[in-house]
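Sequences and hints are given; from them, build the entire structure.
First to last, the protein sequences are chains A and B. Numbers 1 to 474, taken from this note's numbering, label the letters of the first sequence in order. Numbers 1 to 389, taken from this note's numbering, label the letters of the second sequence in order.
Treat the hints as calculated values from the structure; they're not laboratory data. Just so it is clear, the structure is predicted and the values come from calculations on it, not from any experiment. All C-beta atoms in this analysis are idealised placements derived from N, C-alpha and C, irrespective of residue type, glycine included. Do not rely on the hints blindly, as some may be mistaken.
Capping the alpha-carbon separation at 20 Å, the derived lysine to aspartate or glutamate pairs in DMTMM-like fashion look like this [as the list claims (entries may be wrong)]:
no., chain 1, residue 1, chain 2, residue 2
1, B, 364, A, 70
2, B, 363, A, 342
3, B, 231, A, 342
4, B, 364, A, 69
5, B, 268, A, 71
6, B, 235, A, 224
7, B, 327, B, 315
Some, not all, of what chain A presents toward chain B, calculated at C-beta under 8 Å [unchecked claim]:
no., residue
8, 53
9, 58
10, 64
11, 81
12, 173
13, 347
14, 421
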Amino acid sequence: MITALRANVFPVRWMAWSAVLLLGVLAVQPAEPNSPEAVSDATTELAGGNATVFDVSPKAFGFPVPGLDEDSRTSFFIGHSFFIRNWVAGGPPATRAGLGPLFNARACSACHANDGRGRPPEPGQPLVQVLMRVSVPGAGPHGGALPDPVYGGQIEGQAIPGVRPEADVVATYAELPGQFGDGETFSLRSPTYSVINHGYGPLAPNALLSPRVAPAMCGLGLLEAVPESELKAIAERQAREGHGVQGHLNSVWDAVAGKMAIGRFGWKAEQPTVFQQSATAFNEDMGLTSPLLPQENYTKAEAAVCEMKSPTGQPDVSARILHDVVLYSRTLAVPGRRSMTDAIVLRGQKLFEQARCAVCHAPTLHTGASDFPQLAQQTIHPYSDLLLHDMGEGLSDHRPVYDATGNDWRTPPLWGIGLVSTVSGHTFFLHDGRARNLTEAILWHGGEAQASREQYRNLSKSDRDALLAFLNAL
Amino acid sequence: MKASSILILLVATCLRLPLATAAADLPAKSGATELKRAVIANYAALASAGFQDSLETAKKLQGAVNELLAKPCEETMAAARQAWLSAHQTYSFTETFRFYNGPIDQVEALVNSWPIDASYIDSVADAPDAGIVNDVASHPKISRAVVISLNAKDGKQNISTGYHAIEFLLWGQPPEGRGAGNRSWQDYADGAKNVERRREYLRLVTDLVVEHLETVADAWANGDSKNFRGKFLAKDPKAALADILMGMGALSGPELSGERLTTAYETKERGEQEDCFSNSTCDDLINNAAGIENVFLGHYTALSGEKIAGPGVFDLLKQVDPAFAVKLSEQVTTAVAAVRDIPPPFDQAILGTNEAPNRVAMKKAITALQAQSSMVAQAAKVLSIRLKL
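This is the structure we're talking about:
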């Protein structure tokens with residue numbers, strides 16, 4: 001059985017301007033004057049303030065912030081060990097046991113290899129480092145997504161021996177040709193996702209799917225320490241300035257605090273803290289229980305098969321291990337910037353600002369209080385406002401989560417983006433890795449980013465190269 | 001070094017206090033640039049000699065593995081293990097040349113990845129059909145391309161190749177309790193399950209280590225302006241010195257003190273040691289630390305007996321801040337001594353109470369290596385070099 005969903009429909013207006021381009025009558029848009037706020041003050045190599053490390057090797061995302069105290073360093077390296085190593089079936093007291101019964105990966109590092117970005121599979125191969133969220137229309141508890149009655153909140157393509165995996169998800173791509181202002185052609189690949197090999201019957205007929213690639217891990221603790229007031233101020237400023245860019249915060253359930261909180265993490269900003277994100281990933285991606293999420297991750301429809309496979313008792317991930325993995329995730333340093341005085345990089349930075357990319361990819365944020373002195377009161381340069389923005393129909397997953405619509409995506413931080421090829425061995429970008437390089441990632445921007453995308457598309461080749469040189473120096 | 005002085009250093013690092021900013025204040029000394037270039041050139045010579053030795057010992061391992069495969073018996077198995085120990089201990093000297101995207105960083109994941117999930121490669125006690133060797137259905141033919149493509153696939157512990165894959169293939173799983181593994185040579189003799197696949201696997205992964213170390217040795221070879229060494233010598237001396245210090249500091253702190261010692265110390269799990277199949281981690285740790293010392297002092301004695309000696313980081317620091325140079329020199333000596341003091345074998349050294357002499361020794365090494373790392377970051381400041389670690 002095949003459930004093919006058109007996760008993305010190519011925007012009609014894109015087709016329209018492509019046609020116009022072919023007729024050669026579209027004038028190059030003049031660069032808009034940039035507002036003072038959009039001008040980057042990121043003139044330091046210390047992208048993460050005191051939480052910066054200069055390493056350009058494949059390990060560049062994997063260093064602890066400098067100067068951790070002894071206890072924290074110890075936790076960091078234990079967290080690292082639990083992050084990279086495989087878990088097995090069974091349960092405590094055996095170490096790293098309790099995997100499944102259903103899971104996507106045996107280790108955090110399966111998707112965040114080298115603490116870096118996940119890679120989409122070859123066309124036609126099942127997703128591994130990209131996971132497929134699934135839900136049905138309506139709102140679940142606290143207003144979040146409503147899980148599929150049979151498959152739950154995501155498709156788990158693996159299972160321990162004796163249990164059927166839920167299903168496989170495969171991607172196929174259609175090439176969509178386009179043209180730069182100077183006539184050079186490009187092609188974007190538009191994915192279609194199919195759920196195959198259903199292990200537990202059909203998905204709900206109105207199921208909503210959303211593919212999510214594993215993001216890079218660096219700087220999470222800094223992003224967590226940016227005060228809510230600063231993010232709200234950015235949203236208000238964007239609304240005041242107009243220009244069609246108006247980000248907003250997600251409002252999500254914080255299970256520890258027992259109340260709604262702003263969302264910061266995940267492609268739709270649906271997690272409030274690194275702690276909750278980590279516990280959720282353990283539970284949903286690896287089938288591991290923890291003090292925060294003591295229930296195994298399967299639905300009633302799957303219980304007959306899964307129940308006997310789940311030893312009850314103490315959680316698979318102990319409080320100590322969860323603490324250490326969370327500490328590890330929060331204290332991974334940010335790679336320092338490179339080539340900052342290079343003339344081409346500087347020109348690229350200016351073009352980035354002129355095209356108003358920096359309105360959402362905000363160069364500078366400030367952290368407030370933190371339990372780690374290295375993360376507190378820092379001026380940081382993530383190139384993100386952490387806000388949700390309408391990115392247009394082309395990128396939409398048509399699957400709302402809390403206050404994030406199908407078109408909304410959280411501005412992903414750009415720090416370290418130039419090291420992704422070194423760390424992760426590829427340059428696939430965007431939420432599902434459809435973009436094969438940074439150029440394609442920019443060209444997919446629509447919605448609120450349409451005008452910026454059009455400015456980029458109409459830059460000369462050398463200016464486009466300069467903009468890429470800037471990004472690759474982040 | 002006492003905990004209090006480490007704390008001061010850490011705090012100083014956090015606050016970026018000008019503990020030693022002499023470099024910026026000193027008048028430009030004639031010859032300062034020449035000394036920098038000499039230190040960098042000598043470093044390149046150390047790297048070249050180190051990787052050449054590493055390659056030579058890897059080739060000897062390759063020869064010994066071929067002997068084992070040609071005539072599997074007790075003696076050829078023992079000889080292959082001895083060759084592995086020699087090759088890996090020689091490689092350990094060179095790990096200070098990592099962490100700046102140099103030649104070894106391009107292939108390190110295929111040469112020395114760990115930790116390793118043994119069941120990813122071959123049978124283990126509770127899973128006799130496990131591993132690529134036994135998975136004929138998924139991998140009908142074991143080839144170079146297959147082995148490379150499976151390395152770190154779907155998890156960083158899913159290691160298919162490199163020194164530790166070879167280590168597992170030569171020693172096998174350690175027994176219950178403690179000690180090294182003792183895989184039988186009969187695993188490579190006619191009649192063993194999937195023997196041809198295991199033989200081919202061992203031959204391939206050994207060849208791959210040699211092949212990858214060759215690329216590194218070539219990149220550091222003298223007399224080629226186009227290779228990495230040529231470019232390294234030609235680039236801004238400050239950038240080259242930043243690389244040198246990054247390699248020393250990153251190996252000393254996050255890698256040795258953190259990943260290789262702290263985790264094993266805290267969990268007391270023998271699987272947390274780098275050489276968990278041969279249980280020979282202590283020897284490698286000593287050479288890791290000695291490799292940092294070599295770069296600091298600017299010397300290395302090659303396996304041929306040839307002595308390479310020239311100005312090192314120490315000499316550069318002496319010129320700018322003699323007092324700090326001596327302090328770091330003392331710390332480097334302390335760190336090497338502390339690592340030497342860990343009583344082998346490693347799987348025993350992690351056991352016991354925190355007051356047990358072996359664990360006291362290990363904790364000392366953890367502390368000394370971390371302090372060394374912090375001081376290397378401090379050395380960068382002394383030399384007005386951009387480095388945060």
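To see whether the hints hold, each was checked on the structure:
Proposed proximity of residue 364 (chain B) and residue 70 (chain A) is supported: the alpha carbons are some 13 Å apart, at most 20 Å. With a CA separation close to 45 Å, the supplied pair residue 363 (chain B) and residue 342 (chain A) exceeds the 20 Å bound. Proposed proximity of residue 231 (chain B) and residue 342 (chain A) is supported: the alpha carbons are some 18 Å apart, at most 20 Å. Under the criterion of a C-alpha separation no larger than 20 Å, the hint pairing residue 364 (chain B) with residue 69 (chain A) is consistent with the structure, at around 16 Å.
Between residue 268 (chain B) and residue 71 (chain A) the alpha-carbon distance is near 17 Å, which keeps this suggested pair within the 20 Å criterion. A distance of roughly 38 Å separates the Cα atoms of residue 235 (chain B) and residue 224 (chain A); the hinted pair therefore is violated under the 20 Å criterion. Among the hinted pairs, residue 327 (chain B) with residue 315 (chain B) is consistent with the structure: their alpha-carbon atoms are about 13 Å apart, no more than 20 Å. With a least beta-carbon distance of about 5 Å to chain B, the hint placing residue 53 (chain A) at the interface is held under the 8 Å criterion.
The beta carbon of residue 58 (chain A) is positioned within 8 Å of a beta carbon in chain B (closest approach about 6 Å), and the interface hint is therefore held. The restraint placing residue 64 (chain A) at the interface with chain B holds, with a minimum CB-CB distance near 6 Å, inside the 8 Å limit. Below 8 Å, beta-carbon pairs count as interface contacts, and residue 81 (chain A) has one with chain B at about 5 Å; its hint therefore holds. Look at residue 173 (chain A): its Cβ only gets to about 21 Å from chain B, farther than 8 Å, so that hint breaks.
The criterion of a C-beta within 8 Å of any C-beta in chain B is not met by residue 347 (chain A), whose closest approach is roughly 21 Å, and the hint is violated. Evaluation of the residue 421 (chain A) hint against chain B yields a violated restraint, the C-beta minimum of about 11 Å exceeding 8 Å.
Hints 2, 6, 12, 13 and 14, counting from the list given before, are not met by this structure.
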